[in-house]
Amino acid sequence: MSHNLFNSLQTFTTGTGAEAKFYSLPQLGKELGANVSRLPVSIRIVLESVLRNFDGKKIAEKDVRNLATWGASDERSNEIPFVVARVLLQDFTGVPLLVDLAAMRSAVGKLGKDTGLIEPLVPVDLVIDHSVQVDYAGTSQSLAQNMAKEFERNEQRYRFLKWGTQAFDGFSVIPPGIGICHQVNLEYLAKGVFERDEVYFPDTLVGTDSHTTMVNGLGVVAWGVGGIEAEAGMLGQPVYFLTPDVVGVNLTGKLNEGITATDLVLRITEMLRAAKVVGKFVEFHGEGAASLGVVDRATIGNMAPEYGATMGFFGVDEKTLEYYKATGRDENLIETVKNYYTAQGLFGIPKSGDCDYSTVLELDLSTITASVAGPKRPQDRIELTDLKSKFQELFVKPIKENGYAKDIEDLEKRFAAVMGVNAPLEVVNGGSQNSKSVPQSIDQTNTKENTNAWTETEMMNNRPTPDFVEEVTASLDSPTQVTVGNGDVLIAAITSCTNTSNPSVMLAAGIVAKKAVM
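For the sequence shown, the positions run 1 to 518 when our numbering is used.
Please note that the accuracy of each hint is not assured.
So the derived label-pair ranges between C-beta atoms look like this [claimed, not checked]:
id: 1; residue 1: Ser37; residue 2: Glu152; range: 22 to 30 angstroms
id: 2; residue 1: Glu61; residue 2: Pro503; range: 44 to 52 angstroms
id: 3; residue 1: Leu121; residue 2: Lys400; range: 45 to 53 angstroms
id: 4; residue 1: Asn35; residue 2: Glu335; range: 28 to 36 angstroms
id: 5; residue 1: Glu318; residue 2: Ser366; range: 21 to 29 angstroms
id: 6; residue 1: Arg38; residue 2: Leu490; range: 33 to 41 angstroms
id: 7; residue 1: Gly345; residue 2: His3; range: 15 to 23 angstroms
id: 8; residue 1: Lys515; residue 2: Leu333; range: 38 to 46 angstroms
id: 9; residue 1: Phe391; residue 2: Met518; range: 21 to 29 angstroms
id: 10; residue 1: Glu61; residue 2: Glu318; range: 35 to 43 angstroms
id: 11; residue 1: Tyr188; residue 2: Asn4; range: 33 to 41 angstroms
In silico DSBU-like links for lysine-lysine, alpha-carbon gap of 30 angstroms or less [claimed, not checked]:
id: 12; residue 1: Lys351; residue 2: Lys21
id: 13; residue 1: Lys254; residue 2: Lys21
id: 14; residue 1: Lys254; residue 2: Lys351
id: 15; residue 1: Lys149; residue 2: Lys162
id: 16; residue 1: Lys388; residue 2: Lys413
id: 17; residue 1: Lys376; residue 2: Lys390
Derived by calculation from the structure, the hints in this document are not laboratory data. Note that beta-carbon positions come from the ideal geometry of N, C-alpha and C, so glycine has one too.
Please construct the entire structure, taking both the sequences and the accompanying hints into account.
Here it is as structure tokens:
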């Protein structure tokens, strides 16, 4: 039910030209005598949720007042009851949540009540992306072979998820092979604005993946949470968190030619870890932030867990609308997003000095240089020109100083090896893979080896227990005698979930892979 606390229920024009309702932050500020326009954009979006979901019970008037008068240097003692617009799940953490919903329905049914009472109260999207294992590689058939093996391993889980889409309204599943959950969220699921009960409001969410923050680059307030918090969000309950400090990062200048978003995010991660932003919102502003496209902003938002922040947020502006258009969003939706955020005074990346932040950091984009992460931790940045000398330095440093504690002479040692052999993983002190054969088909005529026992390898990978399938056998493909030594690159992550939605960086990764093979 709509309310009109502080006379905040106002109207704006949608992309179709129709008049629609929304809870106006400028009107709220006027009624309270609070300078809401000076609040960080991320705080204002959370404030809109608190205002809109006011009911006098879960969310009281004092919650609205407290957040509307947020001060940059105030003591943080109040919790914010934040009701999200939707919830994002991935299959590994999402399946237990669906089990809980099914169990609640069962309990309600046993009490003689309508099982339809148990429904998610906000849209829930589950993206299947954590079940994939790479059994085949290096051929044009690898993708199809891996997909077939994935369906074979996870048939029961996938049947259960499909049942969930039929049993619960507002619960949808993105099938395997489409993409990583936060990539799908950015490119497909995010809408900018939602409408419910004839009231429009910003797209916000919590997700059960730490890199849910990737969508911060699209102007969506979002972060990763645990399963219990996600389940509360699904049932329309607030997600509670302590009122945060907001660290403003004023970006100036522009990136030089040849410098990628990966280079930039490694520098930002290094800077923000030094600034100790754990538990804080980070909001990027300034002319440099406005110059970045959404794909670059998303790369920066994605790394929020690595620099310790709750979010790495960019506001909605023309670059946001361009991205919506480029990814096939509806024209009326795009125009509605622009009109809504304009009516709220939220459209555009704030300039330096426009908002009050707890702390302001400065970064000139023109100073960013080519760099790599590692060699041990993703938050450690090494300039490309210093890679060799830095590795040699770390090679002899103590373990406690992030080194390897080796003798410098060991750098010269070489060891014989054979390339081209794909052997099965050795299981050390793990569960047996030689259990009895069990019936696999309904008529119980076909059997397969029971690999259901958990091996140490499976437990280390935190994988769900697979169904009964045959293991991939060892193969030999043109074996070649080689020598390897300390410092050789044997396996490298040339791309990751950080930049899966960034075309230029993905192309660069492909070129690196090609050069490595050549």
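Verification of the hints:
In this structure, serine 37 and glutamate 152 break the distance hint of 22 to 30 angstroms, their C-beta atoms being roughly 56 angstroms apart. The hinted range of 44 to 52 angstroms is satisfied by glutamate 61 and proline 503, whose Cβ atoms lie roughly 47 angstroms apart. Hint check: leucine 121 to lysine 400, Cβ distance near 49 angstroms, so the stated range 45 to 53 angstroms holds. Here the CB-CB span from asparagine 35 to glutamate 335 is close to 29 angstroms, well matched to the stated 28 to 36 angstroms.
Taking 21 to 29 angstroms as the suggested C-beta distance range, the pair glutamate 318 and serine 366 conforms, at roughly 22 angstroms. Checked against the given bound of 33 to 41 angstroms, the beta carbons of arginine 38 and leucine 490, roughly 53 angstroms apart, lie outside it. At about 21 angstroms, the CB distance of glycine 345 to histidine 3 agrees with the hint of 15 to 23 angstroms. Range check, lysine 515 to leucine 333: Cβ separation about 41 angstroms, and the 38 to 46 angstroms hint holds.
Range check, phenylalanine 391 to methionine 518: Cβ separation about 23 angstroms, and the 21 to 29 angstroms hint holds. Between glutamate 61 and glutamate 318 the beta carbons are some 36 angstroms apart, a value that agrees with the proposed interval 35 to 43 angstroms. Hint check: tyrosine 188 to asparagine 4, Cβ distance near 35 angstroms, so the stated range 33 to 41 angstroms holds. A C-alpha spacing of about 29 angstroms is found between lysine 351 and lysine 21, which places the hinted pair at or below 30 angstroms, so the restraint holds.
Of the supplied pair hints, the one linking lysine 254 and lysine 21 is violated, its CA atoms being roughly 39 angstroms apart against a limit of 30 angstroms. A hinted pair counts as satisfied when its Cα atoms are at most 30 angstroms apart, and lysine 254 with lysine 351 qualifies at roughly 15 angstroms. Note on lysine 149 and lysine 162: the hinted pairing holds, with a Cα-Cα distance of about 18 angstroms set against a maximum of 30 angstroms. Between lysine 388 and lysine 413 the CA atoms are separated by roughly 17 angstroms; this keeps the pair inside 30 angstroms, and the hint holds.
The suggested pairing of lysine 376 with lysine 390 holds, with an alpha-carbon distance near 12 angstroms, which does not exceed 30 angstroms.
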